[in-house]
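Engineer: Could you put the whole structure together from the sequences, leaning on the hints where they help?
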Amino acid sequence: MRITILSLLAAVFILAGCAVKSADKIETSGQIPTEFSSSGGAKLPEKWWQHFSDERLSGLIENALKDSFTIQAAYSRMEQARQAAVKAGAGKLPEVSYSAQGSRSRSEAMGQTAYSNQFSAGLQASYEIDLWKRIDSAQKAAEKNFEASRQDLIASKISLTADIAQTWYALKAGILEKRIIEEQVQTNRKSLETVRMQYRQGMARASDLHSQERILEAAQGRLINAEKNVNLLENQLAVLLGREPKEFSAAPDAEIPELPPIPEAGIPAELLKRRPDLISSLNAVRAADYSAAAAIARQYPSLTLTGSVSGADSDIEDVFDNWLGSIAAGLTGPLFDAGSREAEANRARAVLQERISIYRQNVIRAVKDVEDAIETEQREKEYFRSLQRQLEIAQKNTKSVKQQYINGQQGYIYLLNAIENQQELEVSLVNSRLNLVKARISLCRALAGGWEQSS
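Going by mature numbering (1 follows the signal peptide of the UniProt record, and there is no 0), the letters in the sequence shown line up with residues -22 to -1, 1 to 433, in that order.
Heads up, some of the hints might be wrong.
[Claimed, not checked] The calculated PhoX-like cross-link candidates involving lysine-lysine, where the alpha carbons are at most 20 Å apart (straight line), are:
1. LYS224 x LYS206
2. LYS380 x LYS21
3. LYS377 x LYS359
4. LYS416 x LYS346
5. LYS416 x LYS359
6. LYS377 x LYS168
7. LYS168 x LYS156
8. LYS25 x LYS359
9. LYS44 x LYS70
10. LYS168 x LYS380
11. LYS21 x LYS416
12. LYS65 x LYS111
13. LYS251 x LYS346
14. LYS251 x LYS25
15. LYS206 x LYS156
[Stated by the list, open to error] Derived DEER-like restraints, expressed as beta-carbon distance ranges:
16. GLN366 x THR12: 31 to 41 Å
17. ALA68 x ASP296: 14 to 24 Å
18. MET175 x ASN409: 27 to 37 Å
19. ARG192 x TYR361: 26 to 36 Å
Everything labelled a hint here was simulated from the structure, so no lab data went into it.
All residues carry an ideal CB built from backbone N, CA and C; glycine is no exception.
Structural biologist: Printed below as a string of structure tokens:
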């Protein structure tokens, strides 16, 4: 019977050892192309926003990385994960505790009072032998979660800096658009005064006067909207910087920079090692795998060693003169749990498969982000050049139609149409320049902004 029991225990140990999966052997990689559709030759600086050579933007971002509540929250999440890893690793070491007690009693007999003291103290220790790597797997899962949170912090920094840059240049474009519309309002107001004078002299029709009033009112409406957008963008920038909107005013100039050379995109496979969101996702896969290994190991017996030493005496200095010690080993395991541990192991396996799928999807999405940014910038450049040509033609057309109107060869409505078309193109050109900058910022974000993992 003894041989049968030992054989049974040995079989359980062997089966359990085979059941625990090694997380180090997990390979997860998405199907990605060998190269991007286009790439530049410029190398992104580690602080990618320096790509635009904008000192004010650099100053805002440097301060935001210290003051932003978003970044502070990410640091706190990382610290939570770090402490969870420390806690998980504590199980690999013995747990030692102590106890101490003292008492004083009084007794009376035969008219006499007697006092007695009693002191006791002890040490207890316990240690679980990690037979199936359950504790080790739990610790490694926590460590991978910590690394994932560290990468999430870097991703938060990249997202914050990109959001600040896009808002900064949107604010610049908004101020430039506002100034253009202000000039348009002044031009339209002068034109209205001229048409009103001509109307009084019988040289212009009432329809010409009303049309000019309409175009002025439309420009004033656009100005109101432009002022609103500038104020909202300032508020948005303040929040990103961790400031109170009412106490913040950026007051940037109205210049949108010329784009520097296109940065080098590298190859898609490099994104797996460069983008923090992908590294975080991969660490989440590894953490899930270690968690699954720990869940499987919980189905099998645990072996715990315990020891204690204690002493007692009426004199505190002699407590350990007479002591008692013990040491024991205990093997405990589930006999019947209605499938609870097995269900937990199956759930952990499902979590692992889910995270593998999420990782692969994230890889595909990361490649798409780069391709989208490259395509957007290329097409926006073409559109910007087209708008430039359209504006040149519109300016010539306005000048020509104005001369024809003065010569009586065209009605005033044609001049108004020419002016409106030119004014719309002036604003569209500003928005297109902004879209070019935004596309470049999106490319920097998609490439992880040259942000080194050591940052």
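Engineer: Would you mind marking each hint as holding or not holding in the structure?
Structural biologist: Checked hints:
About 15 Å separates the Cα atoms of LYS224 and LYS206, which keeps this hinted pair within 20 Å; it holds. Between LYS380 and LYS21 the alpha-carbon distance is near 50 Å, which puts this suggested pair outside the 20 Å criterion. The suggested pairing of LYS377 with LYS359 is violated, with an alpha-carbon distance near 27 Å, which exceeds 20 Å. Between the alpha carbons of LYS416 and LYS346 the distance comes to roughly 16 Å, so the proposed pair stays at or under 20 Å and holds.
With a C-alpha separation of about 12 Å, the suggested pairing of LYS416 with LYS359 holds against the 20 Å cut-off. Distance hint between LYS377 and LYS168 is fulfilled; the C-alpha atoms sit about 16 Å from each other, no more than 20 Å. With a CA separation close to 18 Å, the supplied pair LYS168 and LYS156 stays within the 20 Å bound. Straight-line distance between C-alpha atoms of LYS25 and LYS359 comes to about 25 Å, which puts the hinted pair past the 20 Å bound.
For the proposed pair LYS44 and LYS70, the alpha carbon gap of about 37 Å is over 20 Å, so the pair is violated. Proximity of LYS168 to LYS380 is assessed by CA-CA distance (about 14 Å); at most 20 Å being required, the pair is judged to hold. Of the supplied pair hints, the one linking LYS21 and LYS416 holds, its CA atoms being roughly 19 Å apart against a limit of 20 Å. With a C-alpha separation of about 16 Å, the suggested pair LYS65 and LYS111 falls inside the 20 Å cut-off, and the hint holds.
Between the alpha carbons of LYS251 and LYS346 the distance comes to roughly 16 Å, so the proposed pair stays at or under 20 Å and holds. Among the hinted pairs, LYS251 with LYS25 is consistent with the structure: their alpha-carbon atoms are about 18 Å apart, no more than 20 Å. A threshold of 20 Å between alpha carbons decides the hint, and for LYS206 with LYS156 the separation of about 10 Å falls inside it, so the pair holds. A hinted range of 31 to 41 Å holds for the C-beta pair GLN366 and THR12, which are about 36 Å apart.
Between ALA68 and ASP296 the C-beta distance comes to about 35 Å, which lies outside the given range of 14 to 24 Å. Separated by about 35 Å at the C-beta atoms, MET175 and ASN409 satisfy the suggested range of 27 to 37 Å. The beta-carbon spacing between ARG192 and TYR361, approximately 29 Å, falls within the hinted interval of 26 to 36 Å.
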